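Trainee: Letter by letter, the chains look like this.
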Amino acid sequence: MNSIKRGDLILDIKDLAADVQGRRILDGLDLEVRSGEVHAIMGPNGAGKSTLAQLLAGRSSYEVVRGRVNYLGTDLLALPPEERARRGLFLGFQYPVEIPGVNNVYLLKAALNARRRQEGLPEVDAFDFLTLVRDKMRLMQMDDSFLTRGVNEGFSGGEKKRNEILQMTVLEPTLAVLDETDSGLDIDALKVVANGVNSLKRDDRAIVLVTHYQRLLDHIVPDRVHVLAGGKILKSGGRELALELERRGYDWVRAEASAA
Amino acid sequence: MSAAPDTATPLARLAGVLPGLPGGTDVRARRAEALERLLALGLPSTRDEAWKYTNLRLIARRELAPAPSRPVDAGTLGALPAREGATFVFVDGRFSPALSGGTMPVGVTFTPLAEVLAGSIPDALSARLSATDAIDDRIRLLNSALLADGGILDVGRTDVRAELSVVHVATGGGAHSRLLVTLAPGANARLTEYHLAPNDAESLAVPVADLVLGAGANLEHYSIGLNGAKAVGLEDVTVRLGADATYRHRHLAFGAQLARLDLRVRLEGTGSSARLAGLLLAEHSQQIDVRTLVEHAAPHTTSDQVYRGVANGRGRGSYDGKVVVHAGARKADSKQSSRNLILSKDASIESRPQLEINTDDVKCSHGATTGALDEGMLFYLLARGLDRDTARALLTFAFAEDVIAGIALPTLRRFIEERVLGSLPAGALIRDFIA
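Quick note, the sequences are listed as chains A and B, same order. Mapping of the first sequence onto our numbering: residues 1 to 260, in sequence order. Mapping of the second sequence onto our numbering: residues 261 to 695, in sequence order.
All clues given are correct.
Chain B is nowhere near these chain A residues, computed Cβ spacing over 10 Å in every case:
| no. | residue |
| --- | --- |
| 1 | Gly22 |
| 2 | Arg24 |
| 3 | Gly36 |
| 4 | Glu172 |
| 5 | Val221 |
| 6 | Ser236 |
| 7 | Arg248 |
| 8 | Ala260 |
Restraint-style ranges between C-beta atoms, simulated for each label pair:
| no. | chain 1 | residue 1 | chain 2 | residue 2 | range |
| --- | --- | --- | --- | --- | --- |
| 9 | B | Arg673 | A | Asn45 | 41 to 47 Å |
| 10 | B | Glu323 | A | Val20 | 54 to 60 Å |
| 11 | B | Gln614 | A | Asp218 | 51 to 57 Å |
| 12 | B | Arg673 | A | Gly154 | 18 to 24 Å |
| 13 | B | Arg297 | A | Glu98 | 47 to 53 Å |
| 14 | A | Glu240 | B | Arg674 | 55 to 61 Å |
| 15 | A | Gly157 | B | Thr629 | 22 to 28 Å |
| 16 | A | Gly157 | B | Glu323 | 56 to 62 Å |
| 17 | B | Arg612 | A | Gly46 | 38 to 44 Å |
| 18 | A | Glu123 | B | Arg674 | 21 to 27 Å |
| 19 | B | Ala378 | A | Gly154 | 54 to 60 Å |
To list a few chain B residues with every Cβ distance to chain A over 10 Å, as calculated:
| no. | residue |
| --- | --- |
| 20 | Pro331 |
| 21 | Gly338 |
| 22 | Ala387 |
| 23 | Arg398 |
Note that these hints are calculated values from the structure, not bench results. A quick note: this is a predicted structure, and the numbers were derived from the prediction, not measured. From the three backbone atoms N, C-alpha and C, an ideal C-beta is built for every residue, glycine too.
Bound conformation, chain B alone (with noise of 0.2 Å):
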């Protein structure tokens, strides 16, 4: 007689969750197969260095798997800003016809992955989604295991580019879903994601981002966390770019109990280039992570990362970013920046920029810098005769503005902005400044 399962927490509690999942032979194996990788890993402890900076007492303690999903009313949706093309929603991981919409590009075409999942997986996709080649594999491998749905999305080469939103809805429990995007060679796209959670939801959403470019291609990728106050995001984005491939990501991360990225990028094709910034605004006693991996693996490549952080109130925050230059990746040029805000005491922000060079003949810097509001600044908007709480609005919204700024959607931006606002103390102050 064997021994009683183990189901003292979530993740023990996984091998009981996985046969009720929907899928074919395959995917039921592979999925059997990253759970018991993932059981011999364990979940991340905060001896792992990577992760020393999150509370992962929220992760341990979560539901892992997927709940019923409760119903998501229009309104949800509505309050996100005007979307052009194509928008695919998924709820608690599921794709939801009902709720996508929109008109589908020329030159786009999206599966739902469960419908794959059904049947036996073609090699080329199988190789992707197994593949292990996430900043943390432990991460990769919980949303492999509990995988249900997901989207492929192709973009082929048009004239216009491609405008997608996917909208990432978590109603409790856990949300896994699975975006596998490829660009053609010489195709260009927008993806706009946005990561929502109600306020009340203990949810815990690992959306999975496996992303594509071929020679040339063109994406402007947006991550928008806009998550309850109990949810828990650990979101995964990995990208490869071939030859003079352009990649940019922007990442503006509000609300959440716990929101993490983990974004790799590869730069495998000769002048490929990628453009990260970001935005973290953590307040209250929110936690919001960003680690980034740049991989220069190609000479002639290029990477510029733009992070900026405002812990207010018990928020919490960090930037980890590492990038790597490869041998052989000469004229590798890379700049990495990254600042933050402190404006309460019980607030923190750690900031780890690092590099790793293995050739000769390239240009990289970094800066980090950590502290409260400019003296010199806040006094001369004083002695300008603005008030004080006003003054101190103005330049928490320019230190944020760095970021803002390069959002290339006008809707998006004034979005943004509005948020952004809205979390400042005394935002409403100095709304009149912003135009």
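In isolation and in its complexed conformation, chain A is listed as follows (with noise of 0.2 Å):
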């Protein structure tokens, strides 16, 4: 992935239309995000943010109906989940799920083994990988006790999502995709996650922030923001725009873009 240099395209989507159940949630949604950039992405409950970034790490309960969606110059919609996960797209989840019994730092360098295949790299040292984790452990202020319990099992809202933000810093993705990320968080663990996201900005590597709330936007600042309402991208613009969005709601966008 050393290829990739600041402003290179990593993800380009046309026209984008996809059902859920026979409900049409996506719309002609439009979006270029270019490495070296974060994006946010934001909008009313319901508008279909979830269903963007959950549709973009491949869940199959989604019909893409229209359109398309381009990843380092190839069909994202082409490849099944795991492919895409391991070709540096990583979804962190809104609700990550708990399975008891299997491991988290094996789970974590299972899915950096299955990375690190795919660009050709041997399997990881286990000592070099625990000294790796530990690291990122530290900067996410988990302590020990990670290591040897199950995924997510019986981890609090807030542990969660910082183990999220843990696997994310781990996998080193090309493009992350972060799902309300900050939903369920007190300000402290706030300012844990957002520096964890922090320490990924790169030249060669573009975040994508799905959120309702403008607050993690203060922590982490965004170059893009975008609207996301009716299933389209509504209004683009830069950090200002957040901030608008915050005093303002969105229902001014909404009726910005029905007048036009």
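Two independent chains are provided; combine them into the complex using the hints.
Mentor: And the structure:
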């Protein structure tokens, strides 16, 4: 992935429309994300934000009826979810699942090795891996018990979100899509999570934050802010758009879009 | 001239078998009586609600009488997890001193039942032997009619827990043993039972265990089914608990063509408690059935049941669990959870938790689910780059883990984990995850 330079097109969505159980959720969505950028996708509840995030990661419960999604020059929608992950697409789940009996750290190691195999690298050395994980755990302020617990087993909401970001920092994705990573976090946990995300900002990587609230953007400064409503991007702008949304809500964007 | 005896079915032929069984006058009379009652009742049929999930043709056609035992090689026992304390081995229902061994824990006495059956049977024992208090007395009567041996284990109160293992090997034909276990007040024991049958043995094993726990006694009881592909096993366990006694049963069933556990627990003493858990893994065309009856017969009694089933191929299983809270058992607390995972379209598991409450002021809950692997969990693992086979195997293992994690013996837990991994599709892929 070293060949990616700042400004390269990583994700290119054109006229995407998708149904969930026969209901149109996304309807003509366009989005371009370039390397080195942080994008925030905001919008009211039910706008299709989570649908977009999950669809990008390959969840099969969505039916794409129109449009295309290009990721690093390949047709993303043609790839199964595991293949997308191995090619560096990471979804931070809004509701990470608990998998009792499956060790947290082994899952992380398997995920990392799947990614390394894809890139033609040997499996990670066990000692190096543990050093890396401990290092990232410090960053995320997670204690050693995370090493021995089952995947998200008995974790609080905040711990689950931290675990998602821990996974992300270990896997070093090319495109990270974080779905409502800030929901359910108190201000201290929010700072830790933001810190983890910020540590990942790099020229050869892009981050897409899907969020309902602007407060996350106080800690992770976006280059672009998009308003997703009614299944499409209604408006895009800089960081100041998020502040305006915080102040004025979403209705004026919708009014503006329907007037246009 | 009397009519020729009916010898059309294995059951009808039993009358001719009894005279050849060893034992004194007492036991002979007892066997004849049991057979008479059994013939009157008949073997279970699919018309019986309690047996409607079970393939009864397998039982009706099986030779019920004990066959001459085939030799059991040391490797059979060597494949089991390392055992502490004493191990008692029964081959086709008969105690084998040669295969048994280990160190007898302090405070424990063992008497082969055949020794008792050879003479006149003491009254107390007689009552216990003829008790028909199983979930299904027909199975108990079959065992009573053919019983030739077994073991009497008495556990006294000591400072350390008594470690006891019982290995049942069925080499073909009927295998009928009776285990009578008594824990003195305050006694503490762990009893691990293994049920084995070689792969080609068309055996029918009816091991009966009758457990009595004195006040404050504590028993951790495992039943591990490791039967061969043609084995039929009908395990019958009854437990009675005195005041503040605690009983823990963990049933792990693998293999066998048909394996059924009938477990009846009677919480007779105030404050007694039972925790029952089980994992059944039905593959190929196996059938594994679990039936429990837990009775709260005293105040402040608690029971907790956690049963998990996994069916693959054409495997079938059932959990039929009933909790009865008797009048006067106020402050009874009971929980029942049955969850089942169906991995193929031809597999099935029936789940039927039931509750009968005859008093106020109780806390009872039950829940049952049966379904395929959770799509949300599967997607989570795929989204981390794991391949589909690995993800499915991991989730199946995680499902079984609920029950495996509670195995207190580390050697046994590892053994069971290996067994589960070995029977999972793609189990080898996930060995590293399980630590």
